[in-house]
Amino acid sequence: MTSHIVDARAIHKHFGTLHVLKGVDLKVNERELVFVIGPSGSGKSTLLRCLNRLEEPSSGSIVVDGIDMLDPKTDINHARRRIGMVFQSFNLYPHMTALGNVTLALRKVAGKGRAEAEALGRAALERVGLAERADHTPGQLSGGQQQRVAIARSIALEPRVMLFDEPTSALDPELVGSVLEVMRGLRESGMTMIVVSHEMGFARNAADRVVFMDDGLIVEQGPPAAIFETPSHERTRAFIGQIQRH
Amino acid sequence: MSGWDKFVETFFNAKVMWKYLPDILSGMVVTIELALLIVVTGLGAGLALALLRSLAIRPLNWLIIFIVDLFRSLPPLVIIVLMYFGLPYAGPAPSGFVSTWLSLAFVLMAFSEEIFWAGITSIPKGQWEASRSTGLSFGQTLFNVVLPQAFRLTIPPLTNRTISITKGTALGTVVAVTEILGQASSAMSNSYNPSPLMMGAAAYVVLFLPVVVAARWIEAKFAWKR
Amino acid sequence: MIEAFFNIEIMKAAWPIVLTGLWNTILLSLIVVPLGLFGGLILALLASIRHPLVRWPLMAWVDFFRAFPPLVLLVLLFAGLPFAGLELGGFACVAIAFFLNTGSYYGEIFRAGIDSVPGGQVEAARSTGLSRMQAMRYVVLPQAVRNVMPDLLSNTLEVVKLTSLGSVVAVPELLYEARQAQSITYNPTPIVMAAVIYFLLLWPLVRLLSRLENRALAGRR
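Protein chains in written order, with our numbering: chain L, 1 to 246; chain S, 247 to 472; chain U, 473 to 693.
Just so you know, nobody snuck in bad clues.
Selected chain U positions facing chain S (in silico; Cβ < 10 angstroms):
hint, residue
1, K633
2, L634
3, S639
Rather than coming from a laboratory, the hints here were simulated on the basis of the structure. Keep in mind it's a predicted model, so treat the numbers as computed, not measured. For glycine and all other residues, C-beta sits at the position ideal for the given N, C-alpha and C.
All chains should be built: construct the whole structure from the sequences, respecting the hints.
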């Protein structure tokens with residue numbers, strides 16, 4: 001039996017009286033690219049954010065790369081090094097250069113020396129195609145460039161799995177391509193990725209598995225062809241129908 | 247007598263407090279009078295200066311800026327002392343009350359002018375242009391379009407500044423104004439007991455704490471959405 | 473009038489006294505400003521702990537010391553404490569009173585600064601494994617301070633002006649010395665001198681602040 005690199009079971013999440021996640025199980029294998037789709041309010045972002053404990057699940061269990069994320073004894077800061085996260089609004093630190101953004105955690109969490117951190121940082125920026133912009137501040141970069149720096153910031157720590165929370169939703173259309181390309185490159189190098197997004201074209205071409213969520217539960221999951229062409233559930237069909245009209 | 251009882255006997259002596267309560271109360275009245283005068287005249291003068299500045303007459307603006315800078319740079323106590331001890335040499339001899347009132351009003355005028363001005367200038371030119379192009383005059387634009395919008399922006403800094411300046415009424419003690427601190431101090435020397443001072447402190451809290459809480463509420467109401 | 477307010481003879485005579493006062497004012501400021509900043513930073517960091525058992529007493533403390541006139545606090549310490557057997561000198565009373573009062577004002581400013589940093593910054597920092605303290609120190613505080621710099625400077629200006637209160641409890645700062653000189657010479661020229669010195673000392677900061685404030689308010693819209 002292959003062990004899953006991400007094993008989330010029976011995840012419930014309440015926000016006050018709002019029951020956002022109603023018992024979600026998600027298992028992800030190494031090197032898999034899982035795409036999570038669904039209407040807004042379905043809980044897909046919340047699920048993602050539970051995986052690195054940015055949100056605290058109300059109940060359930062989450063094991064990532066062998067670490068029990070919900071155990072109070074777990075060193076959460078240490079654990080988060082293994083999980084990369086890319087946000088919709090990039091969240092780059094405006095008071096640091098691109099290189100500064102990438103190396104901060106390398107120096108403070110991974111304990112690397114300044115020179116080593118810089119070398120690793122530049123290598124990460126090289127991988128996303130922004131080596132020449134290392135000394136630029138976020139304000140001097142376009143949206144697509146900022147998001148790529150954000151990706152570099154995560155991959156510099158050599159995570160075992162990367163989470164993408166609507167990575168291209170805040171970008172102008174002509175900048176989306178550059179970010180998707182970096183994501184494709186990551187996939188090719190064997191990174192395990194869980195992506196919440198509306199980029200259906202990308203899902204069709206690159207995803208191993210598409211998960212459809214609605215109203216706090218996983219309704220259906222399977223290979224992209226199955227979900228997009230021949231969905232078995234009514235709600236899946238309705239959602240796919242809606243988005244394909246665009 | 248235990249240590250605690252001795253402490254209460256000294257600092258919260260019921261007999262002394264009862265004896266001087268009327269003095270403290272009359273001190274509160276003076277403090278309130280002063281504070282209201284300062285707020286009304288200070289804010290009024292500040293708004294007037296800001297409106298004058300919007301006329302954009304250069305030499306007038308320089309004068310206004312100089313006056314404002316002057317009253318922002320000088321410590322309020324210095325202004326009070328100068329007015330009370332110094333002005334008589336030039337003729338007019340204002341009372342302690344008037345010296346305190348005018349000094350603090352000038353200071354509030356200076357700070358509030360800056361705040362009002364910043365509020366007015368932050369309204370985009372487009373608002374002026376749109377309004378004037380529909381035929382409204384300068385004055386009408388100012389009062390109907392610009393000021394209402396500027397108002398919202400100026401409330402938080404204004405409430406803060408007003409509170410901190412009106413607390414300066416306590417400075418009146420230095421020039422023999424019979425406000426709370428003044429009354430408490432004399433009572434304390436007369437009775438050789440610090441209880442009046444504790445009463446005075448309580449009086450200030452009773453007066454100003456509600457104002458600060460109200461200011462917090464006002465600030466929250468007018469807070470900018472990010 | 474010149475005789476009364478700008479008397480050259482008296483200016484020459486009073487100059488040494490006034491100069492001493494100026495030095496003491498500067499010294500006093502150099503002590504109470506960092507004290508206040510330190511106190512304020514501690515308060516703001518405590519406030520970032522969202523636990524209600526911490527927030528409510530903290531907010532009560534801050535509101536109390538913002539509401540309480542600093543002069544009253546000063547007199548309370550200077551004239552009241554001796555009755556409890558504690559005779560602190562004027563200077564110590566000023567230091568304590570200012571720490572409590574200006575610390576609360578600085579605390580509010582720092583707190584507003586910290587709140588102004590978008591939550592996404594903390595999330596990004598934490599998601600790369602930085603601890604709460606590390607995120608605060610390297611990501612939030614630098615941005616927070618930058619955002620509220622005009623308010624910090626403005627409050628610092630107020631603190632320096634507040635040192636004049638020391639004159640009431642016989643701390644030999646500028647105003648006190650000026651008033652001493654005035655009572656000796658029966659002439660208000662020394663006070664005018666003090667006023668001019670305060671103006672020359674503080675006016676550059678006032679001008680700078682004016683510029684910063686205008687820019688900040690315009691930017692916020």
